[in-house]
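Chains as they are written, first to last, in the numbering used here: chain A, 1 to 298; chain B, 1 to 277; chain C, 1 to 277.
The set of hints was computed from the structure by calculation and includes no laboratory data.
A portion of the hints provided could be inaccurate.
Stated by the list, open to error - Some chain C residues close to chain B (C-beta under 7 Å, calculated; not the full set):
| hint | residue |
| --- | --- |
| 1 | D159 |
| 2 | L167 |
| 3 | M169 |
Since the model is a prediction, treat every value here as computed from it, not as a measurement.
The beta carbon of each residue, even a glycine, is placed where N, CA and C say it ideally should be.
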Amino acid sequence: MSIVRQRSINRVDRRLGQMLGLLSVGVALLLMLIVLFLLNESWPFLASLWHEGQWLGLLQNPGWYPLEGRFGMTPMILASIAVTLGAVLLALPLGLANAIYLEFYASPVTARGFRLLLNLLAGIPSVVFGLWGLTRLVPLITKWQAPGTSLLAAMLVLSLMILPTIALTSAGALASVPKDLLAGSMALGLRRKTQILHVLLPAARSGIASGALLATARALGETMAVLMVAGNVVQFPSGLFEPVRVLTANIALEMAYAMGDHRASLFASGLLLTLLVWLLSWVAQRVNRQSQAFARRG
Amino acid sequence: MNQQQANPYTLGEIEPGAPCCVPQPLLQVRDLAVSYGEKTVLSQVSLDIYQGCITALIGPSGCGKTSFLATLNRLTDQHAGARVSGQILFDGQDLLRDPIDTLRLRRRIGMIFQRPNPFPLSIWRNLELPLKEHGVQNRHIRAQKIEQAFRDVGLWGEISDRLDSSALALSGGQQQRVCIARALVLQPDILLMDEPCSALDPISSGVVEELILRLRGRYTVVIVTHNLAQARRVANYAGFFWMAERVGRLIEFGQCRHLFESPGHELTAAYISGAKG
Amino acid sequence: MADRLFAWLMLGCALLVVASLLWVLGDVLIEGLAHISWTFLFAEPVDAGRSGGIGPILISTLWILLIALAAALPLGLGVAIWLSEFAPGNSRFAVHTGITLDILAGVPSIVYGLFGNAFFSIYLGMGFSLLSGGLTLACMILPVFVRTCESGLRAVSDDWRLGALALGMTRSTAIWHILLPAARPAIVAGMVLGIGRATAETAALLFTSGYVDRMPESLLDSGRALAVHIYDLSMNVTGGDGAAYASALVLVVLIISLNTLAQSLVDNWFKRRLVAS
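Bound-form chain A, shown alone (with noise of 0.2 Å):
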């Protein structure tokens, strides 16, 4: 009994393939590299944060005086927290709003006209939203009260920097709960309000809860347009007409001058920024394959 060998594949192809194949290891080796230059940037930091025993340190805000060796990053943490979650907080109704808007209630075209505007919106570049927000919003808060460089004009500007991709993935989600729901909801007399609220709402929050955590995840990673608006001080975000620091505006700004420890410090708060993303990333895919398997079984 002969058993034919698996695949005779021709020589071109199996070079091909094999040309391909080294590629594809190449990619997957480029995060191994980026980690591990990170790494390897940050160590001096970390090993010193070890030997001194001050992980229970950054609690306790030492101050960031990086020049005096002075490493207190937690304001900054904190600040990249609340100026996300506010950002969230704001841009997570308007975009389902705007959601419901676009599946339920536009006519076609009017859908296209506004589903395009929503691409339009998030293809500004940061910095463009930094500019506006600078000389448009910050001078608005101003009056209000000053500095106007603020937690507030941040939390503003980055909510409308994520409010498309809330919009657009909640849409999705919205529209791929199944027909028969809608159907069965219509067919019981319910109200439009009552069916897209308490119906179609919590059928689709798995894939909302998904868009929603990757929006976050942008907002936590964004640099630029926070950068030119909140102000810079670091200091722990007191209230909304205080202006902050965020880890990414930190990074930004000291890069360019820090070295030694400084200079691992700032990789070290960039390694966190990664992992803080990948987390929320994480338990977005995780939340979205609970959705499919809901669909599939639905």
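For this one, chain A is given, so just place chains B and C on it according to the hints.
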């Protein structure tokens, strides 16, 4: 000829009872068995494919007829875990044992699929691409071969004015005929057809069937079909497959006339009379 | 009643977003047009950019973009083809590569800047240069591009792969002539996404391609990208707002035109493949 002008869809006259073939076996299958992983789908199949004749493989679905076809042009290589054993003798070589250049093999043994699958290219490109791939460099020779292939399938009149338009814009029957032309342009020794008409509407199905009849004598065709009447109309030889003990087997093989009129095996008789399957 | 109120509320939210977009774009347009002129596009920046133009900056931007695309596009397409066409179905390496790409897609751009600085500028010794910036951007746009192309290729019907195989065509030919053109919309979408992201990027370039605003002499010379220029003008240069807005207008127009150009180029190139050669 005037028949062509009256109805653009029919081909030329069909000579009834065309002299069949020199009964030379072109391809000999001995004791073929196919299994995918743990599951054996075909076992102990032995038959001969005669040159210039149309051989129909009939039987209910799931009996391994498509798998059988796939072994002949080594398409089974695509399935990880597919194991084929036995002997397939073609042109003095054992397709299963000897090192075979599958690319050249598939030029000599072509295949038509159930769902018409013309490439998303222009009608002309669909035929030009495989020709170029198999080394026909001269543009004029290519043009000649392509036109001849289209004439052979009776499409030339219908499409000669729109050769640059997308093949996907054609009707189902036309697409299948493009696929047949595409296989014929390589001048294969054997043409394998896996239920070529089953995805087509009745009229297109009839046109393709007429085309297959016209190929008789010039090409060797192995056609898998569910349509008993079609097999009877078209084939010179027929093989009847059936599922025995969860494995597909060849129950009977012989001249079409004998199989249909005086079948040797009771299962064959039952299937043909419609009592079973 | 509540229903009508709800509908109005939704409409209101939509209008709010539209208004914000119009406000932002409108400002860019109005303020930008006030400061823009032909000399602006071609002249060197004078007085830290308050007057003069953005000529060298545009050149730097285009060079960085070109480097990024030249590195990411072929590499990304190659990996996508491998993942879709060559990787064995159950390959763990393919799954790992996929996960790696998804992870890479989520890394914040400033972290790419840190990596680019550590690896390209320092370890590989490129210093602050167009090359360093371009390669960093290439790393950034690679993951999404690969995933987009890969899903586009996977979506192409298997019928054509089988058809090409049955005709004895090499997989390379099938990929080049049939599958890639068929996956064209996804590839273009990936390219457009990549171009948009690369042109708009600031943070990753701050410490890889540098700040120098004169004309770069070579690829290893430092150069300032347009987005970085906008940042500098608005944050570090008092009275630079006018020039900043004009630069922002140029940036937005650049992104839109590059997208349109990419789309039409790819469309045309693929169109030639569909018709007779």
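Okay, the hints, checked on the actual structure:
Here the hint on C/D159 is kept, as its CB sits about 4 Å from the closest CB of chain B, short of 7 Å. With 7 Å as the threshold, the beta carbon of C/L167 comes within range of chain B, its nearest partner Cβ sitting at about 4 Å, so the hint holds. Hint status for C/M169: holds, given a least beta-carbon distance of 5 Å to chain B, under 7 Å.
The structure fails none of the hints (numbered hints given earlier).
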